[in-house]
Amino acid sequence: MSEVSKLVQQNVEMDMTPMIDCVFLLMIFFVLVIDLSQKSLEDLILPRAVFQEPDDEPPENRPIINVLQNGSVVYNQKVFYDPDEHGRDFRNPNTAKPIKELLLAIRTQGVNEKKLKLVEEDIGGGKKILLIDDPILIRADKWTEWNYVGEIMKQCSMPDIAFWKVELALSEQDKETGEKNAKLGGQKQ
Amino acid sequence: MSAIDDAQEEAKADMTPMIDVVFLMIIFFICIDFKVLESKLPAYLPKDKGSQNTVVEPQEQLSVRIYVDNAGTPDYSKGGGSPGVVNPNTGRPYRFALKDHRIKWEVGPKPLYKLEDVKVELTRIARDPASQVKDAKTGGKKLMSCVIEAYPGTYYDDVAKTADACNEAGFAEINFGGGLGPKK
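Sequences listed follow chains F and E, in order. Residue numbering for the first sequence is -6 to 182, as defined by this note's numbering. Residue numbering for the second sequence is 132 to 315, as defined by this note's numbering.
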């Protein structure tokens, strides 16, 4: 074999290792960062609690209401209630109107798309109401005033909305202080 | 000379894959840290609010009230923002941490200032035979429910800690009071 053909053969060889490494790197990056299931979760620091239930297998259709520190109610990245705009005192019935409308819209959409299960409940006196038998998750920052969270719970319990299974989001670790539960998934003793 | 050259060539190690793998692991661990495990506190709301017209026998409940002892001051130093300013990266207001926020509790009629004392008092009440009430469903006895009433100026963290203490003491039924207005 001549010297020239040897050189040509050597040049054709290509090291695939860095390319494969880069592809893996990009894959991991996109899997972790662009997690589509996280889009309804706002970046909040949840309060730490020891005696709660782990939320390992969240129901697929569970609506998630986020409450920011200033009391703003966010659903699917859209702000529906802003205390600066709508007021803070819920003793005025108009203040909670955007929250009520949001919950009603979630209920109507969920029922129409058959994502939320309805059950008929006899509440006595010959009256029956349709309750949503699926849970709703309220995620609030640890430094969100309870007034806002309490109002969402109150609206959820109204007969025309009737989300009676409310879940309050907690964390096994306080990201602010770094305080972590000794035993992850703290169980009732 | 050629033998020395060969030996030198063998000693050369290709560092590229190792550096790649190290970077890969760094990115993996940085990203996984963002996903803090979340958990939940299930709360079952009354099913018949605003529409009840039947007379129900009143149930004895333990009232746990939370009051503000010191409102605390918002600290924006960690987030790097200032009050009322929106973070251009997230489109949300800058986050603050509340410093020196103190609360006090009233478990039944007893005022308490430390969470540990609240836990002790709740455990004492839960173990007291007088705390057993009639269970309307089974006809037997059960531990009375407790109502957490958070007064204006209290935060979600305060209520979560109190609910956690109630759970620890063994109260299975925890209700939340509300409608007491925003902070002054």
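Since the hints were derived computationally from the structure, they do not count as laboratory data. Take these hints with a grain of salt, some might be off.
Claimed, not checked - Within a straight-line C-alpha distance of at most 25 Å, the following computed BS3-like cross-link-like pairs (lysine-lysine) qualify: (1) E/Lys314 to F/Lys173; (2) F/Lys173 to F/Lys71; (3) E/Lys314 to F/Lys121; (4) E/Lys209 to F/Lys120; (5) E/Lys268 to F/Lys173; (6) E/Lys143 to E/Lys245; (7) E/Lys314 to F/Lys90; (8) F/Lys147 to E/Lys230; (9) F/Lys120 to F/Lys110; (10) E/Lys230 to F/Lys158.
What the hints assert, rightly or not - Beyond 12 Å from chain E on every Cβ pair, some chain F residues (computed): (11) Asn54; (12) Arg55; (13) Ser65; (14) Val67; (15) Gln70; (16) Ala98; (17) Asn105; (18) Lys135; (19) Lys158.
Each residue gets a CB set at the ideal place from its N, CA and C atoms; glycine is no exception.
Okay, the hints, checked on the actual structure:
1. At most 25 Å may separate the alpha-carbon atoms for a hinted pair to count; E/Lys314 and F/Lys173 exceed this at roughly 30 Å.
2. Between the alpha carbons of F/Lys173 and F/Lys71 the distance comes to roughly 31 Å, so the proposed pair goes past 25 Å and is violated.
3. Restraint check for E/Lys314 and F/Lys121: not satisfied, since their Cα atoms lie roughly 37 Å apart, outside the 25 Å limit.
4. Between E/Lys209 and F/Lys120 the CA atoms are separated by roughly 53 Å; this puts the pair beyond 25 Å, and the hint is violated.
5. Of the supplied pair hints, the one linking E/Lys268 and F/Lys173 is violated, its CA atoms being roughly 38 Å apart against a limit of 25 Å.
6. Pair hint E/Lys143 plus E/Lys245 does not hold up; C-alpha atoms about 64 Å apart against a cutoff of 25 Å.
7. The hinted pair formed by E/Lys314 and F/Lys90 meets the criterion: a straight-line CA distance of about 20 Å does not exceed 25 Å.
8. Note on F/Lys147 and E/Lys230: the hinted pairing is violated, with a Cα-Cα distance of about 29 Å set against a maximum of 25 Å.
9. Taking the CA atoms of F/Lys120 and F/Lys110, the gap is about 20 Å. The hint holds against a cut of 25 Å.
10. Between E/Lys230 and F/Lys158 the alpha-carbon distance is near 33 Å, which puts this suggested pair outside the 25 Å criterion.
11. Annotated as non-interface, F/Asn54 keeps its C-beta farther than 12 Å from every C-beta of chain E; the closest such distance is 16 Å.
12. Consistency note on F/Arg55: stated as away from chain E, yet its beta-carbon is not over 12 Å from all of that chain's, at 10 Å minimum.
13. Once the 12 Å rule is applied to beta carbons, F/Ser65 is inconsistent with being away from chain E; the minimum gap is 8 Å.
14. Distance check for F/Val67 against chain E: the nearest CB is about 8 Å away, which does not clear 12 Å, and the non-interface claim fails.
15. Its closest Cβ contact with chain E, about 9 Å, brings F/Gln70 to no more than 12 Å, contrary to its assignment away from the interface.
16. Annotated as non-interface, F/Ala98 keeps its C-beta farther than 12 Å from every C-beta of chain E; the closest such distance is 19 Å.
17. Even its closest Cβ contact with chain E, about 22 Å, leaves F/Asn105 beyond 12 Å, as expected for a residue assigned away from the interface.
18. Not every beta carbon of chain E lies more than 12 Å from that of F/Lys135, the smallest distance being close to 4 Å; the non-interface claim is violated.
19. With a least CB separation of 6 Å from chain E, F/Lys158 falls inside the 12 Å interface cut-off, contrary to its annotation.
This entry does not satisfy hints 1, 2, 3, 4, 5, 6, 8, 10, 12, 13, 14, 15, 18, 19, going by the numbered hints stated previously.
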